[in-house]
Each structure stands twice: as structure tokens, then as C-alpha cells.
Amino acid sequence: GFDSESAFASADGHHLGLLGLKERVDLVGGTFGIESSPEHGTTITVDVPRHVDGEVEIEPD
Numbered sequence: 009g010f011d012s013e014s015a016f017a018s019a020d021g022h023h024l025g026l027l028g029l030k031e032r033v034d035l036v037g038g039t040f041g042i043e044s045s046p047e048h049g050t051t052i053t054v055d056v057p058r059h060v061d062g063e064v065e066i067e068p069d
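Quick note, the sequence shown lines up with residues 9 to 69 if you use my numbering.
Incorrect hints may have been included.
To be verified - Label pairs and their calculated CB-CB ranges:
id: 1; residue 1: His-48; residue 2: Pro-68; range: 17 to 25 Å
id: 2; residue 1: Ile-66; residue 2: Pro-46; range: 33 to 41 Å
id: 3; residue 1: Pro-68; residue 2: Pro-46; range: 38 to 46 Å
id: 4; residue 1: Glu-67; residue 2: Ser-45; range: 30 to 38 Å
id: 5; residue 1: Ser-45; residue 2: Pro-68; range: 34 to 42 Å
id: 6; residue 1: Leu-27; residue 2: Pro-68; range: 18 to 26 Å
id: 7; residue 1: Arg-58; residue 2: Gly-25; range: 34 to 42 Å
id: 8; residue 1: Pro-68; residue 2: Glu-47; range: 39 to 47 Å
id: 9; residue 1: Pro-68; residue 2: Leu-26; range: 38 to 46 Å
id: 10; residue 1: Leu-27; residue 2: Ile-66; range: 12 to 20 Å
Hint data in this document are derived by calculation from the structure and do not stem from the laboratory.
Even for Gly, the Cβ is constructed at its ideal location relative to N, Cα and C.
Whenever a hint applies, use it, and build me the whole structure from the sequences.
Below, the structure is given as C-alpha cells:
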């Protein structure tokens, strides 16, 4: 396992890795979860909605 809070820290302001994944999941209306504990490992869960017509509606900020 690892410290999930530090996984989202971005020292240089660029959004890569887990933070970038979470931002993209949020954009499409999905959910992102992370559970981690020493000696037991890490589980990352991503659920994204499936749109039948293949289009994803994104609301502007």
C-alpha cells in the first residue's frame, strides 16, 4: 500500500498519473476510489457511465 493523499500531490502543477485519471473520470461523470493499506496492497476503482450512442456530454466549468 501507499499514502493515497500523497499520490494526488503535484509538486510542479502538472496533472499526471492518478490525479490526471481522477480529473478525467470526473469530467465524464464517473467515480474514482482508492483504498490502500500497508502490507495489504492497493485497490483503485473507476466507474464511468456508458453512453449507448457513443457521445459523452461534458458540462463546461
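Each hint tested on the structure:
1. A hinted range of 17 to 25 Å for the beta carbons of His-48 and Pro-68 is inconsistent with their spacing of about 40 Å.
2. In this structure the supplied range 33 to 41 Å holds for Ile-66 paired with Pro-46, their Cβ-Cβ distance being about 37 Å.
3. Against the hinted window of 38 to 46 Å, the Cβ-Cβ separation of Pro-68 and Pro-46 comes to about 41 Å, which satisfies the hint.
4. The hint said 30 to 38 Å for the Cβ distance between Glu-67 and Ser-45, and at roughly 35 Å that hint holds.
5. One distance hint, 34 to 42 Å for the beta-carbon pair Ser-45 and Pro-68, holds here, with the actual separation near 38 Å.
6. A C-beta distance of roughly 21 Å is found between Leu-27 and Pro-68, which places it inside the suggested range of 18 to 26 Å.
7. Range check, Arg-58 to Gly-25: Cβ separation about 25 Å, and the 34 to 42 Å hint is violated.
8. In this structure, Pro-68 and Glu-47 meet the distance hint of 39 to 47 Å, their C-beta atoms being roughly 44 Å apart.
9. For Pro-68 and Leu-26, the Cβ-Cβ distance of about 25 Å falls outside the hinted range of 38 to 46 Å, so the restraint is violated.
10. Checked against the hint of 12 to 20 Å, the pair Leu-27 and Ile-66 passes, with Cβ atoms roughly 18 Å apart.
Of the hints listed earlier, those the structure fails to meet are numbers 1, 7 and 9, in rising order.
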